[in-house]
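Number of protein chains: 6
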Amino acid sequence: MSVLKLGLPAGSLQEATADLFRKAGYKITFPSRSYYPAIDDPELHCTLIRAQEMGRYVADGSLDCGLTGHDWIVESGAHVTELAELVFSKVSRRPVKWVLAVPNDSDIHGPKDLQGKRIATEVVNITKSWLAGHGVSAQVEFSWGATEVKPPKFADAIVEVTETGNSLRANNLRIVDTLLTSTTRFVANPQAALDPWKRQKMDDLLLMLRGAMAAEGKVGLMMNVRKPDLAHVLNKLPALKNPTISPLADQEWVAVNTIIDEDTVRHIIPQLKAAGASGIVEYPLTKIID
Amino acid sequence: MSVLKLGLPAGSLQEATADLFRKAGYKITFPSRSYYPAIDDPELHCTLIRAQEMGRYVADGSLDCGLTGHDWIVESGAHVTELAELVFSKVSRRPVKWVLAVPNDSDIHGPKDLQGKRIATEVVNITKSWLAGHGVSAQVEFSWGATEVKPPKFADAIVEVTETGNSLRANNLRIVDTLLTSTTRFVANPQAALDPWKRQKMDDLLLMLRGAMAAEGKVGLMMNVRKPDLAHVLNKLPALKNPTISPLADQEWVAVNTIIDEDTVRHIIPQLKAAGASGIVEYPLTKIID
Amino acid sequence: MSVLKLGLPAGSLQEATADLFRKAGYKITFPSRSYYPAIDDPELHCTLIRAQEMGRYVADGSLDCGLTGHDWIVESGAHVTELAELVFSKVSRRPVKWVLAVPNDSDIHGPKDLQGKRIATEVVNITKSWLAGHGVSAQVEFSWGATEVKPPKFADAIVEVTETGNSLRANNLRIVDTLLTSTTRFVANPQAALDPWKRQKMDDLLLMLRGAMAAEGKVGLMMNVRKPDLAHVLNKLPALKNPTISPLADQEWVAVNTIIDEDTVRHIIPQLKAAGASGIVEYPLTKIID
Amino acid sequence: MSVLKLGLPAGSLQEATADLFRKAGYKITFPSRSYYPAIDDPELHCTLIRAQEMGRYVADGSLDCGLTGHDWIVESGAHVTELAELVFSKVSRRPVKWVLAVPNDSDIHGPKDLQGKRIATEVVNITKSWLAGHGVSAQVEFSWGATEVKPPKFADAIVEVTETGNSLRANNLRIVDTLLTSTTRFVANPQAALDPWKRQKMDDLLLMLRGAMAAEGKVGLMMNVRKPDLAHVLNKLPALKNPTISPLADQEWVAVNTIIDEDTVRHIIPQLKAAGASGIVEYPLTKIID
Amino acid sequence: MSVLKLGLPAGSLQEATADLFRKAGYKITFPSRSYYPAIDDPELHCTLIRAQEMGRYVADGSLDCGLTGHDWIVESGAHVTELAELVFSKVSRRPVKWVLAVPNDSDIHGPKDLQGKRIATEVVNITKSWLAGHGVSAQVEFSWGATEVKPPKFADAIVEVTETGNSLRANNLRIVDTLLTSTTRFVANPQAALDPWKRQKMDDLLLMLRGAMAAEGKVGLMMNVRKPDLAHVLNKLPALKNPTISPLADQEWVAVNTIIDEDTVRHIIPQLKAAGASGIVEYPLTKIID
Amino acid sequence: MSVLKLGLPAGSLQEATADLFRKAGYKITFPSRSYYPAIDDPELHCTLIRAQEMGRYVADGSLDCGLTGHDWIVESGAHVTELAELVFSKVSRRPVKWVLAVPNDSDIHGPKDLQGKRIATEVVNITKSWLAGHGVSAQVEFSWGATEVKPPKFADAIVEVTETGNSLRANNLRIVDTLLTSTTRFVANPQAALDPWKRQKMDDLLLMLRGAMAAEGKVGLMMNVRKPDLAHVLNKLPALKNPTISPLADQEWVAVNTIIDEDTVRHIIPQLKAAGASGIVEYPLTKIID
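Residue numbers (the UniProt record's numbering), protein chains in the order written: chain P, 1 to 290; chain S, 1 to 290; chain X, 1 to 290; chain V, 1 to 290; chain C, 1 to 290; chain A, 1 to 290.
Just so you know, these hints were derived from the structure itself, not from any lab. On a predicted model such as this, the values are computed, not experimentally measured, just so you know. Cβ coordinates follow ideal geometry from the N, Cα and C atoms, glycine included.
Take a look, some chain V residues computed to stay more than 10 Å from chain C by CB distance:
#, residue
1, T29
2, R33
3, D60
4, G133
5, R169
6, I175
In silico EDC-like cross-links for lysine to aspartate or glutamate, where the CA-CA straight-line distance does not exceed 16 Å:
#, chain 1, residue 1, chain 2, residue 2
7, C, K153, S, D60
8, V, K27, A, D261
9, S, K27, P, D261
10, P, K273, S, D204
11, S, K117, S, D107
12, C, K112, C, D177
13, S, K273, X, D290
14, A, K27, C, D261
15, P, K27, X, D261
16, S, K23, P, D261
17, P, K273, P, D229
Chain P on its own, in the form it takes in the complex:
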């Protein structure tokens, strides 16, 4: 039997990844102390790998494909084929940014001011490449963690990841510049991407993952509408969605069924009701494949 070797990111994204897979219809369980999660598809073999190392092992064929951040692909310089961008995050759906940050009262206000300074970071290669692009020479030190508490005693500046900037602000740091914006990617080994069976397997998997992601934050809405009010009601629904309109036994009425963004529900429902919709019911969805 053919098997697709799939790398899943260990650590902070692990549970969110498993949730996404579960919504997509794949049951993943993490046996304690094992790095080989069980999955209910015998054609998939999963391995938990640090996001930092995913590029390396997909590139050398130890894995056929994997999920990891765009940042770590760039940092590792790994040669992999990107098949999809996946936006999911427990805390938010915003992409993360790697920024140059300095103490609030620092004299550093741009790349040029870094000449000869000490910079602590987990992404040494991204930082060095960015400095080279600005023609600046500085001492870039690998940071094993807690980077944001290092300035000013242990570093003059840092390059650190942030989503909201809260942690930087809490440490009295000021953002000077953004080096890289990053989201989660599904990457494949270039040869695996050319193998027909593996590629079909990856495409089916991505179809389901996208279907699950599309359903997050969406809800179903059904309502009954008198035919004279139909145009008015449809006018209130988001233009790009194509609602299903079905006849009812009572021929004066039709049923309208549609999918809308959960966070627009509260704006649209008052308008639908005003436009003549009745018996409006919102129901949950688990997958949407257009």
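Once you've looked at the hints, dock chains S, X, V, C and A against the given chain P.
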């Protein structure tokens, strides 16, 4: 941008309130140690306030509106406009009652027996006003908590809140009379209620809150019915609900879709099946706006 | 008012049983330290009883009916009427097996090798009856627990329950034979099963329990299909399910609504899409009564 | 190397036993899912065994010795040699009692009233033997647990273990008679008790266990006393203890050092101070061997 | 038997109080849901009472004595006899202060600036009395909690309790003045304090509580010293402590035993060693009565 | 005021380090989300730093001194002065080892077999230097974690830290060689070690840390002995300890006070008792400075 200042009750109702708002489509999060919950609507500004103080701050305009108990509005004597009654509670949906309770073996059997006695309570004003209505004079002491353990050593009687009476019984207390029945209310500052923008904002919010509350304890039911059985099947459904009947490709059959109370499902389904319904499917709902 | 006395299994199955009842529409709560769970149906009176004793108390009429394992009915030799087999389990849906197990390096390879040996087990009667069937005489000792750690020091062999065999393997034990396969059963006192009111009550309860079990692991799928593609799309759906096909306002299209196994979704959706289905939406179900 | 096979009671006494051993100077750790606790003495090999089965396995030589309750030795009828009584218990130091209990409103007031009744108990043999002693014939049923909730529906009376009687009272049961009083015993296989090496090993172990138990609830007290006050101070100390009196550099004073019960400290210290003791210091102890 | 009715403060000080009593030799346990803690002295009867109400109930004789803060005695205006000040606190041993605090950018810089302002506080009487002392008239509102988040929207200033000022600073508040400094007090009903039996019982209890508090933060130190070095070593010990010097069998040496503050140990030990002390051993203490 | 900048290892050793400091008399607390632990000595300023980076920051003077593993000092190549070896560990007191490990069935049996292989490790420099010493060339890859699960798919061999070898065995790995044995060290910046005030401060701190470590696993033992038995009793005590012998009021007896290893107590006490010691009491210690 206009902003509506909304007070949410801190403490035991806090999580239940946030759940209700989430079901209504508003994401509320409580930053640790902050009394300003985040909400994903920039036109709303939330503040956590003790239920006891909500009336005072809505009345003086520090807040435009808020959720609190009818009891604390009465106790504080605050001048506010009540816009809606909201019935939600983690433990039960029954309203709470403020009752006069005494030890099982007490000689007190009615208001008149309280003359000259010590009464401990958190609602000093409600109690005094009730005593005055009965022409009785007694010593009413503010209780900082654990009121139900005070009789007979620290008080002769108490006025205490209860839902089921369990806690009173467990402390060997007997209910003599009910002073007030209370549910949660949505109250507004009288001037804010006259401001067109604020009033529309509050009405839309209430429409969504009511839609979410209506869906709690309700489920959707869909089934296929042969046309000759339709009248029989419809006869088994609760009279006041208007089911949606839609044609099917197979013209001998119709589809019936309706909303019923979750706790009647187990009585109705056996009857529907006996009346000829087939393929009965129950599905969950998140909002109902009639 | 008539009351049906229902026994629920205390211990490891307790929460799973309550979950099943909740999905079936019955709210069960466990007051702390009480063996009489509350249920929101005044015609049912529940008692928590150890699975091992359920047969005894249903047989002698202390209870009208109850849920317990087939194994304990056999072990107790109780005279009860089995009304239904219920397959539910938190960990898996596989039935449990009582097996004869010995140390990996034991000389015991079949029933005959047990002559004169010490066997530790919780099911002394099942074991003795099985030994007698093989004409073997051995010393069967009741084990109060931790049976799987007894060989070889405290027993030569054990008869122990297992679902996956993992615990036996972890204790270096080898399965020699299977004595009994067991699932959960709904059993009734023979006279209660003949009482019309009690029997109707039990049948309605079983209808709802089966409806809830049928919905576990199933999802609803709805999609729009152009009429020319309909045969092709229907061809991809599992044969035995009869999808609901309903007309749409746009007469070139029909809506298809069906129920499928959750773990086949990921195989079927890519095929449906390829066959021409559009706007495929998956939604959750809570009960299915065919 | 010689090894002593020691059984430790699994379950409710397990942690209390390990605590006692730790205080006695033996470090016991419980590897998860193993029934062979690790101990830092290579001459001891520990096994966790249910208290109910300890007698059986010590009697047949599977174990050399073990700790278990007197009740389970009697119930199992095992032939073992009792070497010591050990009184330790997390909740209290009172021995447990097995009592006959009936509903408060039962007609049963003595053994004779049990004729023909149903009795549920975990100690079937003790109960049958006691009934036989009273010339009474009743139906004794083995109870798998929750025995105290069985009367009156599932049994007329129970024989159940109790320390304080609280649980019986909470279930509206009344104690009719006491069948057996039980404490923890250290029992040995009769032949192991005659083996010189094993006996010496057991005696040394018991010396340390007793030293640790003696120190529980005891404290050290030291104080300085002027010689003229010495007789007066000594007079206040418990008679049976022999305090250490040592000279000080200042020849008018002596130091007194003694061991007293922790719960008498609060009565004795005020008296010692009044009698002239100064600089009274209480310090903790971990072992006392007289 | 005579009984002393003792009030213990419910809430944040409850566990710290019980710890202190346990160290003093009294075992207190809190039965769940009961306000009557069990204590192993039949002559004491304990009741948990809010610190705010302790004064009221000690003053009216419902209790003979109790522990509460000086602040709440002042606030309640209760007539009680103070027998002792007890300094114990989980977090720190510093007394708490009630301070007037305002937003950092407020115009209020002293009592006079409060004229006509809104002040929120839990100590309405203390605040009003302090304002009167400064001849200032302001609106003092009772705050049910979360007082520190009220300025500037819900109050212009607050009177709030603080130990370190951290919580005030975190809410951007500035301390303007201190109204009251408070520690825990042992207070008695004036008549109970004159009753000989009750007074003796309270004095004995206070002796033990003080002994336990004296031992907190103290350790015992013993060492051997050659006689010629003795003066030098003693010179390094805190002057006010009187060490016990005892002869040894080896007449060139003496043993020195003393009690010192735990947080001076690290300064003194290096000096003792330099002065010739050897075999220095530190050991723990549980009670000290001088 | 002079201040000593002290680095403490963040992460797995953090709590153990704080425990050791607390036993030595320094109260360390970790404010949440801060990397600057509070300590009750104003002359010490603590910073939490990853063990891997401690050498770097002590060498460049960002810190005066710090605690870290010998392994990370070697890996970083930092120029620091080692002042003491500190042996403390929650799990054990054994030093850790960095070992070369390969799959059980690997062909690699010595350094020479590594030629051209992939080695994953967190200590890239130690590994490269060791390979160079053996004249072997291999591909050494930095491992971000979970190194022990990498062979054979992601590496041919690993260099990993181990205390007991359990984790390696659980991953079916075999130890081929040991590269480095490591314990915790107290290291100083070379210039700080020459500064008189800083050096004295470090020496005093080390004296207290050593005193606390010496007391771990030791207990005090005191007993009374008749003079004729004294030689016999002393003979049973460990030779290297010098017990304190003091006279008693009863001149036939002396008191003996000594310190012994906790894990020898159970062997020595039976012998002391046999030799004539009476009233043997064991008591706990917190610090020993010889």
